[in-house]
Structure formats: structure tokens, C-alpha cells
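Trainee: The chain contents come next:
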Amino acid sequence: MKHFIRTFTSAAALSALATVAMADVELLHDKGFWSEALEAVGDASETSTGNRLVQTPYATPEQYKAFVQTSAASGEMPDLFTWWTGGVYEELIASGQVASMDPLWEKMIASGNFDASLRDFYSVDGVAYGIPLHLSRWIALYNTDHFETAGITEPTTWEELNAAAEALKAAGITPFHATTQDGWRGFIWFQEIMIRTNPEAYAGLHDGSVAYDSDAVRNAFQIWSDWYAKGYFTDPRSNDEVGDFAKGEGAIYLIGDWAVGIVEGAGMTAGEDFSAFIMPNADPSLPSSSILEGSPIVMSVSGSENPDAMAALEFFTSVEGANAWAAASGNAIGNANAAAPNAVVEKINADVAANGTIAIGRWWESVPAELQGEIVAEFNRFMLDPTMETAEDVMATVQALNADYWANL
Amino acid sequence: MPKRETDDEILARIGLDTLAATEKHRTRRAFRTAFFFMAPAVAFVSIVLLFPVLYNIYISLTKWRRFSGFDEFAGARNYTRMIDNPFFAEALANTAIWVVASMTLPLAIGLGLAILLRGAPGEGAFKNIIFLPRILAPTVVGVLWFYVYAPDGVLNRALGVATGREVDIGWLYQDNTVTGAIIATFVWQSVGLVMVLILLGLAAIPRDPIEAATVDGARPWQVFRHITLPLLLPTLLVVTILSVLAGFTAFDLLWVMGVPYPGQRTLSLAVFMYFEAFQKGAWAFGSALAVVIGIVVLSVTWVQAAMQARIDRMTK
Amino acid sequence: MAVDLETLDFDQIAKAERRRGKGSWLIMGGALVMSAVWIVPFYYMIISIFKTTPEYAQKHPLALPDGVGPLIDNAVTAWNNAKMGAGLLNSFIYGSIGGALAIFIAALAAYGLTRFDFKGRNLWFMLIFSGTVFPFQMYLIPLFFTYQELGLLNTHLGMLIFYTAICIPFPVLVLRNYMNGLSREMDEAARMDGAREWTVFSRIILPNCLGPMTATFLLQFTWIWNDLLFSTVLANKTEVRSIMAALQVFQGSYSSFGPNVIMTAAIIASLPSLILFIFLRKHFMNGMRISNVG
Numbered sequence: 001m002k003h004f005i006r007t008f009t010s011a012a013a014l015s016a017l018a019t020v021a022m023a024d025v026e027l028l029h030d031k032g033f034w035s036e037a038l039e040a041v042g043d044a045s046e047t048s049t050g051n052r053l054v055q056t057p058y059a060t061p062e063q064y065k066a067f068v069q070t071s072a073a074s075g076e077m078p079d080l081f082t083w084w085t086g087g088v089y090e091e092l093i094a095s096g097q098v099a100s101m102d103p104l105w106e107k108m109i110a111s112g113n114f115d116a117s118l119r120d121f122y123s124v125d126g127v128a129y130g131i132p133l134h135l136s137r138w139i140a141l142y143n144t145d146h147f148e149t150a151g152i153t154e155p156t157t158w159e160e161l162n163a164a165a166e167a168l169k170a171a172g173i174t175p176f177h178a179t180t181q182d183g184w185r186g187f188i189w190f191q192e193i194m195i196r197t198n199p200e201a202y203a204g205l206h207d208g209s210v211a212y213d214s215d216a217v218r219n220a221f222q223i224w225s226d227w228y229a230k231g232y233f234t235d236p237r238s239n240d241e242v243g244d245f246a247k248g249e250g251a252i253y254l255i256g257d258w259a260v261g262i263v264e265g266a267g268m269t270a271g272e273d274f275s276a277f278i279m280p281n282a283d284p285s286l287p288s289s290s291i292l293e294g295s296p297i298v299m300s301v302s303g304s305e306n307p308d309a310m311a312a313l314e315f316f317t318s319v320e321g322a323n324a325w326a327a328a329s330g331n332a333i334g335n336a337n338a339a340a341p342n343a344v345v346e347k348i349n350a351d352v353a354a355n356g357t358i359a360i361g362r363w364w365e366s367v368p369a370e371l372q373g374e375i376v377a378e379f380n381r382f383m384l385d386p387t388m389e390t391a392e393d394v395m396a397t398v399q400a401l402n403a404d405y406w407a408n409l
Numbered sequence: 001m002p003k004r005e006t007d008d009e010i011l012a013r014i015g016l017d018t019l020a021a022t023e024k025h026r027t028r029r030a031f032r033t034a035f036f037f038m039a040p041a042v043a044f045v046s047i048v049l050l051f052p053v054l055y056n057i058y059i060s061l062t063k064w065r066r067f068s069g070f071d072e073f074a075g076a077r078n079y080t081r082m083i084d085n086p087f088f089a090e091a092l093a094n095t096a097i098w099v100v101a102s103m104t105l106p107l108a109i110g111l112g113l114a115i116l117l118r119g120a121p122g123e124g125a126f127k128n129i130i131f132l133p134r135i136l137a138p139t140v141v142g143v144l145w146f147y148v149y150a151p152d153g154v155l156n157r158a159l160g161v162a163t164g165r166e167v168d169i170g171w172l173y174q175d176n177t178v179t180g181a182i183i184a185t186f187v188w189q190s191v192g193l194v195m196v197l198i199l200l201g202l203a204a205i206p207r208d209p210i211e212a213a214t215v216d217g218a219r220p221w222q223v224f225r226h227i228t229l230p231l232l233l234p235t236l237l238v239v240t241i242l243s244v245l246a247g248f249t250a251f252d253l254l255w256v257m258g259v260p261y262p263g264q265r266t267l268s269l270a271v272f273m274y275f276e277a278f279q280k281g282a283w284a285f286g287s288a289l290a291v292v293i294g295i296v297v298l299s300v301t302w303v304q305a306a307m308q309a310r311i312d313r314m315t316k
Numbered sequence: 001m002a003v004d005l006e007t008l009d010f011d012q013i014a015k016a017e018r019r020r021g022k023g024s025w026l027i028m029g030g031a032l033v034m035s036a037v038w039i040v041p042f043y044y045m046i047i048s049i050f051k052t053t054p055e056y057a058q059k060h061p062l063a064l065p066d067g068v069g070p071l072i073d074n075a076v077t078a079w080n081n082a083k084m085g086a087g088l089l090n091s092f093i094y095g096s097i098g099g100a101l102a103i104f105i106a107a108l109a110a111y112g113l114t115r116f117d118f119k120g121r122n123l124w125f126m127l128i129f130s131g132t133v134f135p136f137q138m139y140l141i142p143l144f145f146t147y148q149e150l151g152l153l154n155t156h157l158g159m160l161i162f163y164t165a166i167c168i169p170f171p172v173l174v175l176r177n178y179m180n181g182l183s184r185e186m187d188e189a190a191r192m193d194g195a196r197e198w199t200v201f202s203r204i205i206l207p208n209c210l211g212p213m214t215a216t217f218l219l220q221f222t223w224i225w226n227d228l229l230f231s232t233v234l235a236n237k238t239e240v241r242s243i244m245a246a247l248q249v250f251q252g253s254y255s256s257f258g259p260n261v262i263m264t265a266a267i268i269a270s271l272p273s274l275i276l277f278i279f280l281r282k283h284f285m286n287g288m289r290i291s292n293v294g
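Chains as they are written, first to last, in the working numbering: chain A, 1 to 409; chain B, 1 to 316; chain C, 1 to 294.
Hints are computed from structural coordinates only; laboratory data are not their basis. Among these hints, one or two may not hold up.
[Stated by the list, open to error] Derived contacts from chain B toward chain C, CB cut-off under 7 Å, selection only: (1) LEU116; (2) ILE129; (3) PRO151; (4) VAL154; (5) TRP221; (6) VAL223; (7) PHE224.
[Stated by the list, open to error] Straight-line alpha carbon distances no greater than 27 Å define the calculated DSSO-like cross-link-like pairs of lysine-lysine that follow: (8) C:LYS83 - C:LYS237; (9) A:LYS230 - A:LYS247; (10) C:LYS59 - A:LYS247; (11) A:LYS31 - A:LYS169; (12) C:LYS59 - B:LYS24; (13) A:LYS107 - A:LYS230; (14) A:LYS31 - C:LYS83; (15) A:LYS347 - A:LYS247; (16) A:LYS230 - A:LYS31; (17) A:LYS31 - C:LYS59; (18) A:LYS169 - A:LYS107.
[Stated by the list, open to error] Here are some chain C residues the structure puts well away from chain A; computed CB gaps all over 10 Å: (19) ASP73; (20) ALA100; (21) LEU153; (22) SER183; (23) ARG196; (24) GLY252.
Every residue, glycine too, gets a C-beta built ideally from N, C-alpha and C.
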């Protein structure tokens, strides 16, 4: 029946879907803003290997997640697709339909292009199931002109950060960008303040051992709320965070370095108009750290039986592939022999090497998958009304959800 | 050539049983032909619409979450879970607000307009204007009002002019304004149709009793209360039910306009169901919510049918 | 549920109504204010599409544009980025083919329900009509999974099947009522002359039902055109999604485009409904009479 319908669909010629030729490999993703960049990688893969990596965007992350979930439920996971690490990654792997990438990692590490420790980032129970689509550090982009105007340099301590904010404010510049745009951004400053004040408690949030209404969290909300009261943040209702930054509305934009290319697209030149620093810790005894985000490309078991799909991944992780992707999107995938995608990433790479900066997993990937949407909406609620009263309410609601989740696991 | 039988002879030969059998045969043949014509409709409706309803009820009784299958039976667990869910109560409360608002506001405004403006100069033009939003798709209306309500949008600017100072209300961002704002948009779009339907109903009311009563000295209010209103009741009932069902299942407006509001999932049961199923992957729980929505809608339809029957009896 | 009653009979009301001409000034004033409230959003929408994005940001939202030139740029930007060509074509395919198929199938069913005497006629009718009773939310999850299983998710065929099905019950109600009113003498006479049922249906009944069929078709077309929910759930890929889904997704990407561009997209998406309404008001009016409300 299924085949009949499929045949009929194409025979009816109603579907405008581009038919994927035999030697083409389809990569399904939900990152429409990288469609053109992935097309460029597709071109490069065709010239290099003869097989084209065809990107297929699938709109809205929720829809995309639902699509992959149901594909798995019906036993027909797509060959190659992008995913997230963390809770959703483990769930996906638990379905038993995701292929091991260990053989590919062996080659990647043997080639000297990749560090063996990166493999662990994509491993569950010692088996690697994904390769990096992008590896992004979460950093503070800043407007160099604004820093000059306020007479400040990159802050290296918490005190300097607060002083910098005060100086910017005094110069009539809003220090920090933060919006609720697209509904997912609410966790960014929560996560940052948590890892700067109490990384241990931050880690505990993700296994249920630390409550969302504990003192460590309350302390973070207090700092966040104080900064709001001091007028440090831009209007959370803005729908154009990148545009605001490019227009010079605020000075510091905390975001993954994947945004560097997007900011450049909005008219700023990396390294000239804006640069970046790694946020300092509130507790000086803590080691330098930054959030690491690394969306994986995963492959289904059936996809692993297609040698062309494997060849496409080998190309993607090669120096040539990584350079093509970096040039098109501004993203790095951790290939040590590939060129840095832009001046900002290059600068941050140097900082990381100099400070021995360690990586911490992003909140979004670390929180139980099914709580993501609800909790981040609560953080957004706080940003729209950043008083401690709302914070208490938010903490109570979030903790209720969190407790319920861990109790019924 | 055989001899022609008389009627008596034929009856005697065939017998009543056979007659009945022939009749039965005839209706069966009629049914077979009729079924040939009805079959496509029956097939489409039962496979694409009715089967999913049953399937939905089945799913709501399982434990289906995300990647797992739905073979495990859960009994009423998905239904009892609603009670503990912190967002369900809010979604239900907002749905109740929607039902009450969509039952009263379009009707009150539409009826008022219809009565006051009937026959007034410029009635035609006014009707056209009030009806205009109805031509647009709800999605388009949502997009338009999204910007009307924007922090630096038309509404805040207008309020600024009226109050003389800067107004910066995030209509679609705050708990206390979001539902009201979207309901206002709903009313803006739906009141035109309600008014036109009531005008049609009014036009269908015979003149004679009204004129007779007026001649006898009845006041306009009395005429309205005792003659016009009872005769208008069937129209009002239909209009109310249409508004309530539209309000109850409203999705497009909430989906488009509710995006900036952190509690979007709680804006109505319909939206909550979408979030639970398609965002969280709580398929079974989402199905249970759909069943609850179904029960409410069926009850409303049933009440309408019962009231319709009563009104029909009254007016006959 | 696929009953959309956005039809009205202005002319009929006007005829049925005697001009009373007794409106007081107070009522007139109120009506004017209310008309203004109703018109302003339209005015705002229309002037916005003639502004460039910087112009929109700088000016008062109700200020007149500098010129009409930016419309073309806005339209091109909207068209290309919202992939409106695909959306419009898809919705047109869904609305015209799905709507027409539904009306034809409904006419068949109505013929079967009115032209033959058999037991349980009402029951069969109720079975078909029950397709309008349930809220859409009850279809979403099962259809999503069944479509997924059958490979119909994100296909034109899948969307056509659904839209056809959802648009059948209401026209069955309308056409059944209408055919009941058609004299059976004509078709009996044709049957006497040896005409087959199919001939009776296609040569005698169908031509007589063209009026209500056109009217219900327009209603169903508009409903499909306006649908957002089912396209969002069952077909959300650029190539297959409906115009309303395309518009909603485009609006969600507001960060990249100004309200002027998004509003232009909204107007483009509405043009077909506006044109239909203006040119086919008579048929919409028929739809009103048929739907038997009021």
C-alpha cells in the first residue's frame, strides 16, 4: 500500500518535490537559515566526490522533531539528519535506529584533524553516534565603537564586567542584549549567570539533584533581576536581536559563535566593528569556562548501509569540507587543520588556548527534552517582567514541572 | 399467444408473499444503485474523518510518548493527568473566557448594531465596512493585528495621542492583556457576519403584527420584547452557536498572535493540545485533550439541537 | 465544520428592508466612530505596503508613505522569501481540485440519497454529515501518524485527500435539500425512456444543480484557501505547504524583514479571496440562501 501510494504520488506528478537522484545523499535539517550555506557544501561535495549532499530544510524545530520522532516510530528514520545533543540525543539513540559513527571517528582522529576528546562529546555509553554539524562556543560579542566610547576594554573579572556595564550605561549605551525572540532565548542569561556563580548547581539542575527554587538559582535570578533594575538590558520584546546589535542599540550580545556570520550578514565586519570575549566568572577561583554547543549530524542504521551517505560524511569532516562549510556559514566543526571561519572565532580560539577554557554543556541540551519548551517559556516570562516577585513565581512553576518529571521517571 | 390473465388471476397466482418479496427485492436493488452513488462520500468521510476520531480515542488510552510505541494501555491515566498539569487549568480557564466572550460580545454588538442601524441612512455602506474583515483569512487578520498591537504599533500610538503621554504596553506579551487583545481581534472580524445574519433574520419577520401592535399603542421596547425578539430567537440561537464553536476552536488567531506571549500554550485548549502533541511529543496526552475538546463541542452542538427543537415547537 | 458562512445578501436585505430614514444623529455619530475603528487597520495595512523598511521604522504607523514605488520591492522580497509562488499555487490546487472533487462526490451522494427509496436513508445521511460534528483537534494526531505511515505526509496527494474529505459533508447537506426540491417527474420520464442512472444523474440532475454547486464550491474553496491548521500539521514543507502556512512561517521570521514586507505578503495572500468576493458576490449570496441561516 505504502509503495503504491508513493508510486502514485510521483506518477500523479503533483508533487513538486525535487526527486533525489541515485547518487545524491539527502541531509534533512531544521536550520533553514543555513540552507544556502549547505547548498554550497553540496556543490563542493559534488565536485570532490561526485555525490551531491542535498540539503532539505524542514520548517520549525518542533515540527521537525515531531517528524523525526514519528519516522522513528514507524521504523523509517531518514538516512542523514541534524539533531541536538543531550536528552533528545539519548532518546533518539534509545530507539535503536541510529548508527554508530565509531568507524568514521577512528578515521577522523587518525587523520590528525580531530581531537579524540571531541568524540566523547558525541558519545552515549562509549559509542559515538554523531559528528559535529557545528561546534560553537557561547561568547560575548561586543561593539568595539561602544567600548571605545565608554572607555572600557574586555572585562576579565566579574567586577570589571559590572563596571563595564555601569560605564556603558553612563555613556548612554544599553550594556546587554537580551530578547525573547523566537521563544527559545530565555535561558541564555540564566545559564550564563548560573555557570559564572555556581557551575556545580548548574550541573545539578540537569539530573534533578538541584531544585529550580534552591538558593543557587534564587541568587542567579537576584543578579539577573538587579541588572534589569539597573537598566542593563535591551527591550525583551524586540524581534530583531541581530539587527539591534548591528544597529548599535546595545553593546554586548551573548550568543553562540554561529551568530558571527549572521551579524556579518547584517552589516558588521568581524574583528573590526565587533569582537568577542569569554565571560568572566563571579567566583575567581573557578576555571575559565564557556558554554559549548555542538549540534550533531546523525545517521540511521539504514542510512549507514548506503556507502554514498558515509562518503558524504567523510567529505564533510575533511579539511576541504570543513573549509567549504566554514566559508559558507561561518561555522567550525572542530577540524584542527581547517581554517578558522572568521576573525572572531580565531580570536576566541586563541583566548581558549591561552586561558585553558573548559567547555560546559548548554542548558538547552542538558535539560530533559520534554521540559525545554515549558521552562524556557517561564524564563521568557521573567524577562518580560523582571521582578523578584515574578522570579519566585517562575521558580515555583519550573520546580513543580522539574520535580514532577524526576519523580515519574 | 398466451391468453391475458385477469387481475384476479394474477393476484391468485403471485400471492401476497411474492409481492412483498418483489418489493424487498426492489428496495434492495434501489439501495445497491444508491450505494454506488454514495460510496465515494461514505468512503472519504469514514476513512479520513471518522476513523481518525476513533483512532484518536484509542491513542488517548495508551502511554504513547515520543519515540515509544503506543501499544501499552494506560486506562484513564492521560485524563487524570490533566488535573495535575499546571497549564491545563489555565488553558481551560482561558477557553472558558473565550466561550463566554464569543457567546456574548459578537451577539450583543451585532444585535445592537442591527437594531439601531436598520433602515438608517448609510446602512449599506456601514454594513459593508463592518463586514469587511470577514473576507480576510484569520491568519491574515492575525498578522495585521500583530503589528497593530506591537509595542510601537498603531494602538499604543493612538492611546498616546488620547492620553497625552507615551504608551508602551506589550499587548501580546502580558498575562493581563493578551487574551483580551486577541478576543477583540476576533470580535472585530466576526461581528460583521453576526450583524448581517441578524439583519437577514429581522427582514424575514412579518410586518403585520408589528404594525398592528404599534397602532394599538405599544412602545418600541414592548414591540421588540414581545414580538421581534421571540421571532428572532432561532436566528440568534444559530448565530450564538456559530460564534461559540468558532471561539472554542479558535486556533489560527492564537497561533499567529500568541507567539510573543510566553504562556502561549495556555491560551486555549486547542493551542495547549497542539503544544503537548507536536512540540512535547506527549501524543497520548494530546489525544486525551482532543477528546475533551470533542466532548465539549459535541455538548454545545447537542444543546443547540435541543434548544432548536424547543424553539421550533414554540413558534409552531 | 467546514461550513463557512462568510456570505451575505446585501442586495436582498436592501430590497426586503423598507428605508426608514429615521436614524438619529447620535446613532449616526456612533456608527461613524465605529466605522473608523473598523477601517483604520485596513488603512494601516494598505499604506504600510508602500513604505520601505526604514521609512516604516521612522514614520508614524499611520503617516502616508512618500510614494508608491517601494511596493514593488516589498512584493518581490515577500514573494521570494515567503516562497509565495509555491504557496499560492498549492492553495490554488488544494482549493480548486479538492473543492471541486468534494462537490462532485457530494452531488453523487445527494443523488443517491434523494433519488432512491431504501431503508435507512437518513442513517446514511447522518453518517456522512457526522464528518462536520467533531472538532478539528480530534483529527490531527491520528492523521499525522497515519499519513506518516502511508508516506502521505508532506505530499500534495495527502493534502488533497484530506481537503476533499473535510469538504464533502456540508455540500451533501445543501445538495440533498436542493435535490429534494427538484421534481422527480423529469428523471422518472427519462428512466421510462430507458436512460441509465448515470445518464439521469449527469444529464438531468447535475445541470439543474449548477447554481448551488457553484455556491458551495466557492464556500469550500475559501475554507481551504484560509486553512492554516492542517497545512501546519500535515504539510509544512515549502513545496507543499498552503499559502497561509507560508505566510505564518514568513511572519515568524520577522527578524529579517520589516512589517511593511510581511504586510505585503499578507495582502498578496488575500488577493484571491478579495477578487473572488468582488466578482462572485452573486454566487456567495446563493451560498447564503442555501446555507439556510437566518
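Trainee: Decide, hint by hint, whether the structure agrees.
Mentor: These are the hints, each one checked on the structure:
1. Taking 7 Å as the C-beta cut-off, the interface hint given for LEU116 of chain B holds, the closest approach to chain C being about 5 Å.
2. Taking 7 Å as the C-beta contact cut-off toward chain C, the hint placing ILE129 of chain B at the interface holds, the least distance being around 5 Å.
3. Residue-level restraint check for PRO151 of chain B is violated (minimum Cβ-Cβ distance to chain C is 12 Å; threshold 7 Å).
4. Annotation: interface hint on VAL154 of chain B holds; nearest CB of chain C at approximately 5 Å, less than 7 Å.
5. At about 16 Å, the closest approach between the beta carbon of TRP221 of chain B and any beta carbon in chain C exceeds 7 Å, and the interface hint on this residue is violated.
6. For VAL223 of chain B, the interface hint is violated, the least distance from its beta-carbon to any beta-carbon of chain C being 14 Å, above 7 Å.
7. Here the hint on PHE224 of chain B is broken, as its CB sits about 14 Å from the closest CB of chain C, past 7 Å.
8. About 11 Å separates the Cα atoms of LYS83 of chain C and LYS237 of chain C, which keeps this hinted pair within 27 Å; it holds.
9. Of the pairs offered as hints, the one joining LYS230 of chain A and LYS247 of chain A holds, with about 22 Å between alpha carbons and a cut-off of 27 Å not exceeded.
10. The suggested pairing of LYS59 of chain C with LYS247 of chain A holds, with an alpha-carbon distance near 18 Å, which does not exceed 27 Å.
11. At roughly 35 Å between alpha-carbon atoms, LYS31 of chain A and LYS169 of chain A are farther apart than 27 Å, so this suggested pair is violated.
12. Among the hinted pairs, LYS59 of chain C with LYS24 of chain B is inconsistent with the structure: their alpha-carbon atoms are about 79 Å apart, more than 27 Å.
13. For the given pair, LYS107 of chain A sits about 53 Å from LYS230 of chain A by alpha-carbon distance, which is inconsistent with the 27 Å threshold.
14. Only pairs whose Cα atoms come within 27 Å are accepted, and LYS31 of chain A paired with LYS83 of chain C is accepted, the gap being roughly 16 Å.
15. The hinted pair formed by LYS347 of chain A and LYS247 of chain A meets the criterion: a straight-line CA distance of about 23 Å does not exceed 27 Å.
16. Proposed proximity of LYS230 of chain A and LYS31 of chain A is contradicted: the alpha carbons are some 36 Å apart, above 27 Å.
17. In summary, the hint linking LYS31 of chain A to LYS59 of chain C is not supported, as the alpha carbons are separated by about 34 Å, beyond the 27 Å threshold.
18. Straight-line distance between C-alpha atoms of LYS169 of chain A and LYS107 of chain A comes to about 51 Å, which puts the hinted pair past the 27 Å bound.
19. With a least CB separation of 18 Å from chain A, ASP73 of chain C remains clear of the 10 Å interface cut-off, as annotated.
20. Taking the minimum C-beta to C-beta distance to chain A, about 15 Å, the non-interface status of ALA100 of chain C holds against the 10 Å cut.
21. Under the 10 Å C-beta cut-off, the non-interface status given to LEU153 of chain C relative to chain A is violated; the minimum distance is some 8 Å.
22. Listed as outside the interface, SER183 of chain C is consistent with that label: its C-beta sits roughly 40 Å from the nearest C-beta of chain A, beyond the 10 Å cut-off.
23. For ARG196 of chain C, the requirement that its beta carbon stay farther than 10 Å from each beta carbon of chain A is met, with the minimum near 30 Å.
24. Non-interface call for GLY252 of chain C relative to chain A: violated, since the shortest CB-CB distance, roughly 8 Å, does not exceed 10 Å.
Hints 3, 5, 6, 7, 11, 12, 13, 16, 17, 18, 21, 24 from the list above are not met by this structure, while the remaining hints are.
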